[in-house]
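Chemist: Chain residues, written in single-letter form:
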Amino acid sequence: MKMVHAVIRPELLEEVKRSLEKEGFYGLTVYDVRGRGRQDSFSWKIRGNVYKIDLLPKLKIEIVVEDEQAHRVAEIIQSAASTGEIGDGKIFITHVEEAIRIRTGERGPEAVK
Amino acid sequence: MKMVHAVIRPELLEEVKRSLEKEGFYGLTVYDVRGRGRQDSFSWKIRGNVYKIDLLPKLKIEIVVEDEQAHRVAEIIQSAASTGEIGDGKIFITHVEEAIRIRTGERGPEAVK
Amino acid sequence: MKMVHAVIRPELLEEVKRSLEKEGFYGLTVYDVRGRGRQDSFSWKIRGNVYKIDLLPKLKIEIVVEDEQAHRVAEIIQSAASTGEIGDGKIFITHVEEAIRIRTGERGPEAVK
Amino acid sequence: MVDAGDTAWVLVSAALVMLMTPGLGFFYAGLSRRKNVVAVLMQCFIAVATISVIWALWGYSLAFGPSRGGFIGGLEWFGLAGVGGEPNPDYAATIPHSTYMLFQAMFAIITPALIVGAFAERVRFGPFLLFLVLWSTLVYAPIAHWVWGVGGWLRSLGALDFAGGTVVHISSGVSALVAAMVIGRRIGYGSFAMEPSSPTLVILGAGLLWFGWFGFNGGSALASGGLASNAFMVTHLAASAAALAWMVAGWIHKGKPSSIGAASGAVAGLVAITPASGFVGPQAALVIGGLAGILCYAGVNLRALLGVDDSLDVWGVHGVGGTWGAIATGIFADASINPAGANGLLLGNPSLLGVQLIGVAATWAYAGLMTFIIVKLVDRLVGLRVKPMEEMIGLDITQHGEYVVV
Amino acid sequence: MVDAGDTAWVLVSAALVMLMTPGLGFFYAGLSRRKNVVAVLMQCFIAVATISVIWALWGYSLAFGPSRGGFIGGLEWFGLAGVGGEPNPDYAATIPHSTYMLFQAMFAIITPALIVGAFAERVRFGPFLLFLVLWSTLVYAPIAHWVWGVGGWLRSLGALDFAGGTVVHISSGVSALVAAMVIGRRIGYGSFAMEPSSPTLVILGAGLLWFGWFGFNGGSALASGGLASNAFMVTHLAASAAALAWMVAGWIHKGKPSSIGAASGAVAGLVAITPASGFVGPQAALVIGGLAGILCYAGVNLRALLGVDDSLDVWGVHGVGGTWGAIATGIFADASINPAGANGLLLGNPSLLGVQLIGVAATWAYAGLMTFIIVKLVDRLVGLRVKPMEEMIGLDITQHGEYVVV
Amino acid sequence: MVDAGDTAWVLVSAALVMLMTPGLGFFYAGLSRRKNVVAVLMQCFIAVATISVIWALWGYSLAFGPSRGGFIGGLEWFGLAGVGGEPNPDYAATIPHSTYMLFQAMFAIITPALIVGAFAERVRFGPFLLFLVLWSTLVYAPIAHWVWGVGGWLRSLGALDFAGGTVVHISSGVSALVAAMVIGRRIGYGSFAMEPSSPTLVILGAGLLWFGWFGFNGGSALASGGLASNAFMVTHLAASAAALAWMVAGWIHKGKPSSIGAASGAVAGLVAITPASGFVGPQAALVIGGLAGILCYAGVNLRALLGVDDSLDVWGVHGVGGTWGAIATGIFADASINPAGANGLLLGNPSLLGVQLIGVAATWAYAGLMTFIIVKLVDRLVGLRVKPMEEMIGLDITQHGEYVVV
Ligand SMILES: Nc1ncnc2c1ncn2[C@@H]1O[C@H](COP(=O)(O)OP(=O)(O)O)[C@@H](O)[C@H]1O
Ligand SMILES: Nc1ncnc2c1ncn2[C@@H]1O[C@H](COP(=O)(O)OP(=O)(O)O)[C@@H](O)[C@H]1O
Ligand SMILES: Nc1ncnc2c1ncn2[C@@H]1O[C@H](COP(=O)(O)OP(=O)(O)O)[C@@H](O)[C@H]1O
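Heads up: the protein sequence lines correspond to chains H, P, A, F, S and C, in order.
Under the working numbering, the first sequence has 60 at position 60, and the numbering climbs by one with no breaks.
Under the working numbering, the second sequence has 70 at position 70, and the numbering climbs by one with no breaks.
Under the working numbering, the third sequence has 31 at position 31, and the numbering climbs by one with no breaks.
Under the working numbering, the fourth sequence has 13 at position 13, and the numbering climbs by one with no breaks.
Under the working numbering, the fifth sequence has 321 at position 321, and the numbering climbs by one with no breaks.
Under the working numbering, the sixth sequence has 310 at position 310, and the numbering climbs by one with no breaks.
FYI, nobody ran anything at the bench for these hints, they're computed from the structure.
Just so we're clear, the structure is a prediction, and the values are computed from it rather than from any experiment.
Possibly wrong hints are sitting among the right ones.
[Unchecked claim] Each computed SDA-like pair below joins lysine to any residue, with the alpha-carbon atoms no more than 25 Å apart:
1. K60/A <-> G108/P
2. K387/S <-> P127/S
3. K387/C <-> G27/P
4. K254/F <-> R18/H
5. K60/A <-> T104/P
6. K254/C <-> G307/C
Please work from the sequences and hints to get the whole structure.
Modeler: Structure follows, in structure tokens:
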């Protein structure tokens with residue numbers, strides 16, 4: 001199996017979820033992250049100290065799927081999450097050796113069906 | 001080494017931690033996530049706009065251990081985090097090529113002892 | 001490519017970011033985590049119930065870079081994030097099979113340049 | 001002669017009304033997306049500072065100074081010249097003139113702050129300040145003069161607005177609708193989920209608004225005693241009835257009783273009772289509040305159907321609620337509660353309702369038209385809307401360089 | 001005759017007491033787990049709306065209307081008929097009757113809201129509303145009548161309860177204990193950590209409660225002046241002493257001075273001084289408060305030992321604190337502070353303590369029994385508890401479709 | 001003779017001022033890093049409890065009791081002996097003595113709480129409590145006596161401090177600077193980013209402070225009426241002008257209008273108008289406030305340049321603002337606003353300015369010196385600073401065993 005990690009703009013989560021659902025990818029895990037990429041950063045001061053915001057709010061999605069589905073999932077995300085502007089984010093694919101469904105103890109691809 | 005990723009119900013964290021401790025697994029990293037799986041989702045509207053909650057609060061645990069311990073760790077988590085109800089979560093195991101203890105610079109399995 | 005995961009003390013983020021920038025590593029993703037390691041834990045009670053804080057606030061950084069850069073990135077982080085005290089954190093390196101820039105669809109090392 | 005008890009009550013009321021604007025900030029911040037929480041809070045907070053200064057300079061004089069033809073006050077009281085510790089018996093005979101001015105200042109502050117909800121999450125901060133100053137001067141001051149100023153034409157006509165249903169709520173609600181239409185929808189409106197950042201902040205805001213409203217309506221008696229107590233009582237009952245009504249309407253319609261619904265309902269009830277609070281009793285208050293909850297709930301849903309992105313539903317709550325309150329005053333007013341008032345429709349006096357409708361119509365027309373002109377003007381001059389990329393990142397970081405960690 | 005100063009003070013006090021219920025919501029929300037924050041806030045918020053309406057309809061009349069045998073008031077004042085701007089000298093001669101009614105309304109609101117803490121995080125919202133209405137009608141109104149109503153049997157007996165130690169705190173605290181036992185523990189109680197979501201909210205709530213309590217106790221003088229000032233002073237001192245005492249007790253017992261402990265202690269002190277606040281001086285207040293901090297701390301630990309999941313410790317704070325306060329009134333009361341009171345044990349009058357104990361016992365028995373019946377009844381009729389899966393996911397999402405992002 | 005209206009106003013003012021200290025807690029908590037939010041809140045909250053108790057025991061008597069040579073009061077009123085419902089005409093003829101004592105108690109509470117910001121995020125809780133008790137007894141009580149006590153030497157000299165510019169703000173601001181220097185910088189100061197945890201909490205705190213300040217300054221008239229109204233009015237205007245001024249200064253200087261800047265500016269304006277609020281009119285208030293915004297903004301930047309880690313800028317806001325306010329009183333005072341005051345420089349009386357400067361100098365010297373001694377002493381005795389590892393982890397967990405989840 002593969003884990004598809006995607007860092008996206010938070011406002012596009014609904015869009016991405018909907019696109020994934022349409023092709024039957026339902027299970028996923030998301031969390032808030034902050035990211036730095038090529039985007040402009042903001043710097044300013046408060047009460048005498050210098051601050052810089054170069055970390056902007058993003059969302060990270062993790063989806064585990066069977067090997068052969070990983071590229072399709074990545075494509076779906078890429079097209080749903082792209083606005084063409086800097087800061088759209090990245091997708092990474094990594095290898096997963098084992099998956100277990102906690103409820104039943106099922107293992108392997110069964111666990112993420 | 002392996003990284004065991006587990007998405008669990010937040011209220012079972014203590015249980016999982018205790019079970020791991022008992023067998024000597026102490027180091028771990030956790031964070032709040034939201035997850036979607038087979039669970040029912042909730043949908044409703046606020047002030048004229050439709051909302052749906054299909055992402056429910058979960059906790060993610062990451063534990064890096066030596067290769068041969070990974071399955072034992074997964075088993076411990078699976079049995080501690082299972083209620084038998086939909087939404088119990090998943091465990092994934094991935095491969096870790098290198099580990100470093102920041103404090104000392106130690107590398108490899110030593111770093112996660 | 002490789003993904004370098006680092007769990008660090010939250011207050012050293014600026015330091016780490018600065019050190020990485022100096023050698024041209026700009027892109028990264030961070031998020032708040034809580035971690036347990038060798039550090040002392042704190043236990044106490046509130047209103048009749050026992051609580052223990054053994055999870056202390058940490059920050060996790062994820063950086064995807066080309067294979068040959070991974071060890072350099074790890075070294076930079078290790079030296080910037082180390083105080084010599086227990087609780088400095090860990091660095092893990094994992095393998096990334098594919099990377100995609102969402103904005104353009106570029107793949108491979110190009111995507112994280 | 002200054003009465004210590006009356007002055008104590010109106011000073012406290014002024015303090016309570018002042019707190020409403022930060023309260024409104026929390027209410028709106030909780031309804032906004034997380035990335036715009038600071039921006040909304042800041043817009044409300046800075047409204048306090050900005051309007052207070054212009055009120056002292058020219059606003060109070062324009063609104064309450066010697067009338068120029070019933071339309072606007074003169075600048076005789078510029079810089080609060082002559083506004084001191086002695087009462088001005090034209091407005092309130094037992095409290096210092098400065099107390100009356102302060103109490104009115106707090107109304108002048110919250111009114112434009114209410115409009116913030118209409119174009120939340122997408123306007124530049126500098127141009128917003130310009131809008132604030134223009135709107136307060138060109139819309140608020142004249143309407144306040146019409147309704148409350150000695151010689152104001154609506155006051156002379158006999159229109160009743162105890163605590164600002166027309167002056168505060170209709171004017172801001174209608175302006176909100178117009179501003180939202182002119183400025184346009186937020187990026188992704190209708191396609192992304194735009195999740196309220198925090199029901200906790202919404203409840204905090206609603207709680208502070210409710211608390212402050214006792215001063216808003218009760219203080220409008222401009223004296224302590226039976227009339228203030230009546231206004232306080234009906235305010236509380238209308239808010240309660242409306243909170244329940246909106247909650248139940250949403251529960252039936254959408255399946256869950258939402259805390260944001262209950263809070264919005266309470267505000268709707270507070271709005272609707274505002275003009276009536278010195279003229280009706282408790283039974284009428286329950287009816288006015290209950291209907292306000294349902295009407296405003298419908299207003300919000302109607303607004304959504306029309307596709308107008310009045311982001312935090314200022315029109316649905318304040319426009320609809322304020323209009324209903326002005327009409328309800330014409331229906332339920334009871335001169336036995338306040339001899340300075342009049343009887344309404346139910347007590348056999350349909351003419352009051354007519355006068356109330358004139359007031360409503362005039363305010364809708366004037367506030368709507370002027371807001372259209374002001375928004376267009378500001379947009380031409382300095383550009384009101386942020387860049388799309390800034391809207392995506394959020395106003396907190398892009399406008400203020402701040403963000404919410406906790 | 002209405003006095004402007006007295007009316008101003010009692011109106012402000014009513015506003016302050018109203019703010020206490022949202023304040024309580026924050027206090028409780030901060031003590032709850034993150035997934036139930038909205039639900040707890042909503043339960044408190046909707047208690048304001050619900051009780052206000054039933055208070056206007058029948059509650060006030062049942063509690064304060066013409067007595068039926070000292071046990072309950074009649075329905076003569078249904079819908080607030082006859083409750084207007086003139087004083088009702090039976091209750092307060094210098095403020096409008098509507099002001100008195102409002103002030104009492106705020107007490108009627110917060111009392112059942114206090115019970116929310118007992119069964120937090122596990123009851124369905126609709127049945128909760130039913131419980132609220134029944135409890136307020138069948139438990140609160142009668143007890144208020146006994147103690148404060150003209151002709152009420154405890155009042156006639158000479159029991160002293162200046163601002164509601166018995167009526168508000170014992171009644172809610174005992175009911176909380178019973179309700180928690182009948183409804184049962186939360187899933188995982190004793191095995192999972194149940195972390196308070198936010199000390200910040202706890203402090204916000206405690207701050208607003210403390211602030212509002214100046215109105216609660218000070219306003220119970222029903223006039224401005226020396227007695228109100230005394231009540232205010234002893235309230236403040238008892239809260240302070242109790243906050244320190246609880247904090248120190250926890251520090252010694254558990255190793256750390258916790259902010260939640262200090263906040264809980266302050267509330268315990270406020271509770272305990274409530275019945276005594278018009279009858280004791282500052283030195284007694286320090287003693288009553290200091291002991292309240294320690295007794296309530298012990299009460300909470302005892303409750304935990306007994307394994308009852310009174311989730312946010314309503315009994316430990318309000319039941320124990322209210323009982324101690326009623327007894328302390330019997331010990332420390334000093335007729336020189338309030339001629340309408342009496343001397344207590346320390347001034348050589350043991351009989352007052354006896355009467356106080358009768359009041360305590362009657363309230364424990366009646367509130368306990370009736371709450372048992374009401375909870376059982378509601379549970380039978382409509383099912384009070386959420387499904388286990390809903391409890392796991394949290395009430396915010398499952399009951400209200402809302403959740404806390406920030 | 002006790003006047004109901006005056007008493008109502010001063011009691012309400014006392015309640016408002018009490019709320020300022022939790023408000024200050026939110027302001028400071030929002031400016032602190034997330035890991036120290038609880039600790040800051042707790043320090044402010046426990047200051048309320050601690051100072052109240054010592055104020056009742058000895059503080060009030062030391063500050064306002066029969067003078068010993070103009071420097072300190074005697075212990076005749078230990079335990080509030082004799083402080084009851086009758087007015088003490090030396091201080092306020094129309095309100096109970098207990099009301100005056102309470103109002104003053106709230107000032108005594110907030111003053112040391114202000115200093116919390118100087119050494120936030122790095123001191124141990126127990127030693128902090130010791131500091132609190134010592135500072136309140138040895139610094140606050142004497143300075144309050146000098147300026148406000150009957151027979152106090154600065155009062156006798158004719159120094160004007162309507163509501164505590166010297167007693168509250170200069171004393172705390174200067175002490176903050178000294179304490180920050182003695183205790184030293186936070187680990188990583190100047191190299192890590194130290195991000196304010198929450199602009200939301202900052203605005204909440206600033207809103208509550210502003211609201212409470214109406215009582216702080218308005219209540220200092222110790223009666224309801226024209227003077228209270230004047231103080232309320234100028235307070236509001238100065239805060240508004242200063243919020244705008246600081247915001248604009250920061251906008252020009254650093255590119256963005258920050259909400260924390262606007263909030264800090266409002267506080268700076270409130271501080272600066274405090275001593276002047278009973279002696280100047282609205283035009284002067286706008287000038288005093290506007291300049292306060294700029295001067296305090298400069299003060300904060302100067303402090304940063306000097307490398308002193310007065311973490312939340314107590315000196316920059318309260319020290320600079322209070323000093324400016326005392327001087328401004330000497331410049332703008334107008335006896336026609338308050339016959340009990342005097343004319344200032346602009347009305348041809350330079351001597352007042354001289355007296356004001358003496359007051360400023362004496363307070364700087366005494367507060368600075370005594371704070372140096374107290375901090376050194378506490379540090380020697382029990383160790384004031386946490387261990388480096390504890391500072392890294394944060395005070396919430398290490399001092400209080402609590403932390404902020406939401
Ligand atoms: N090398 C990297 N490793 C991990 N995350 C990255 C990396 N580069 C970018 N990111 C994540 O992707 C987000 C978008 O990156 P950015 O470079 O702004 O977009 P784009 O790919 O459109 O140029 C960043 O905010 C960050 O979270
Ligand atoms: N394919 C997946 N990839 C990543 N996370 C998943 C995936 N499927 C489920 N999850 C995570 O596991 C959680 C529980 O999944 P669910 O399907 O409800 O449980 P169960 O395995 O008991 O049927 C989800 O909330 C989500 O966080
Ligand atoms: N086996 C592990 N797997 C995942 N994360 C770990 C592991 N061990 C430690 N960590 C993370 O590293 C952090 C620091 O670990 P700790 O053991 O305290 O430091 P040190 O390496 O200096 O002894 C922990 O808080 C936790 O987040």
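Chemist: Against the earlier hints, flag every one the structure doesn't satisfy and list their numbers going up.
Modeler: As far as the earlier hints go, not one is violated by this structure.
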